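**Student:** Protein chains in written order, with my numbering: chain A, 12 to 269; chain B, 6 to 242.
Calculated from the structure, these hints are not laboratory results.
Keep in mind it's a predicted model, so treat the numbers as computed, not measured.
Hints should not be assumed to be uniformly reliable.
[Stated by the list, open to error] Derived BS3-like pairs (lysine-lysine); straight-line CA-CA distance at most 25 Å:
1. B:Lys156 to B:Lys58
2. B:Lys156 to B:Lys193
3. A:Lys67 to B:Lys174
4. A:Lys155 to A:Lys22
5. A:Lys113 to B:Lys156
6. B:Lys156 to B:Lys174
[To be verified] Derived contacts from chain B toward chain A, CB cut-off under 8 Å, selection only:
7. Arg21
8. Tyr23
9. Asp123
10. Val210
The beta-carbon is built from N, C-alpha and C at its ideal position, and this holds for glycine as well.
Listed here are the chains, written in short residue letters.
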Amino acid sequence: MIRKFNYTGRKRIERDRVQVSLIPQAGQAPSFDASIQLADLGLPGNGAVYIEVYDKSSYMRFDFGTVEHQTPPSRRQLVDLQSREIFSFRVKVVDQEGSHGKVLAVADRLPPVRLETGGTDKESLLAVSSEDLEDQIWKLDFSKDVPVLILNSRLEDLGIRELVRSDDSISMLILPAVFRQILVQIFLVDQDSDPEEGSWQNLWRKFLSALGAAPESVLELDSSENISEWIDDVAVPAFCRNQRASDRFRHSKTGEEE
Amino acid sequence: MASLRSLNQLGVGYFRRYLSDLRVNSQEKFPDDLLFGNDYSVVVDPTIELESKSFKTKLEAAEYLHPKIKAIQGDIFHDLGIWSWLSAFYFDSVCPPGQDGERKPGADYRHILISGRDWRHSYRHLLAGPVRTFDFHGPGGALLLSGPVNKLGDFVEQLCSRQDIASNKGVIEAVTILYWDEKRQNPKRGSAPTERRPGTLRRFVDVIQQLELTYDLYSMNGTEIAALLPIEFAAWL
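All chains, please: the whole structure from these sequences, using the hints.
**Tutor:** So, in structure tokens, the structure goes:
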């Protein structure tokens, strides 16, 4: 089990206090707007406010002034980020006086609202990107803030993204395997029984509950054998039932439904 | 002297084929038409004159190339054509023949910049990496710029794989305070073993990642960061 400590009294900035909107720029990296409500958190007025945007290896940082006088920088284009699709935002309030440099409050792993998709703030369970995977068709990457289904960019000429998204003869074969692998990551690899609110692991737990397959309601997940059994016998079947996987696969092949 | 050029798609393909051939026959002659043939490259505007020379260290290469590159407007650190041409122009520095006369180029991304903003590979480009480090840190990045151009070095591998660490002045100052031997103008001996020995480079990276949870290291200078380090690092101060 992963334990989390907070020795310095760092405050958590609730997600509903921060609104980040991505602004698409034709043919270029997106820009962003941010609204940060820090009143009533007991933070010093001169605490420095920063927004950091990051993925696994690339990073940008923006100075937003102080708690009392927020002054967003004029240039907020995400030019240095590796991905134009998969990254997270972090808001930090930093002590400038007493203990210089100490983080006083933080909100991390904030998903941006994407204005070009109608402003929905629905959080994604699975991101999709493409990379050169040589002879592999797909793989999952757990190194980012949400699981990423990576599709082989060498197959883009076949429209592989669209095939996985909407061709049931392919998606119904791939998605249960993706689902299974993600559960293995959460319950057997990470083994974090108390994931942070807003983390992708927590979102997936909520998704499992919505499928009627919340792990806690089924059995004691106290051994890897029990967990494997629960994934195979309860969770994956619940996902396939929810997706009507067999019917959709049949329909894609024959045009008929059971 | 030669004018700075930018490889086009044909030129990049030609360079890639040459690197591939070199891996099979390590004494393959460098194709001179790759550098100056108009089918493969164009002169960059504004015209920038470059000396044909060999660089002894990454710092020497960065000090020479940085002002030249900064004269170009725009998103220069992501310009695949220019960096790839520079690598071809200074090929004797980035891929010198060994004592046996054989050249070992390594992976393509050491010479041909990866397109897009792929930090994971771009910091490994043997010229773009040092020049960008110099752009972030100036001569203060000496620790990351020591050693020959054709070798990335352990400090670069450990510290530059994450952009937030590579571009953090305070962290690079702290690592310099700990491990830079001013007299020898080289890293202190024994500071970067491959194991996680107490107080050495790999432990430093581990500790920095822990400190990031509590401190905004971008707001701090090297002395302040060094003061936060646990006792295991005291021997290097």
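**Student:** Which earlier hints can't be squared with this structure?
**Tutor:** 5, 7, 8, 10
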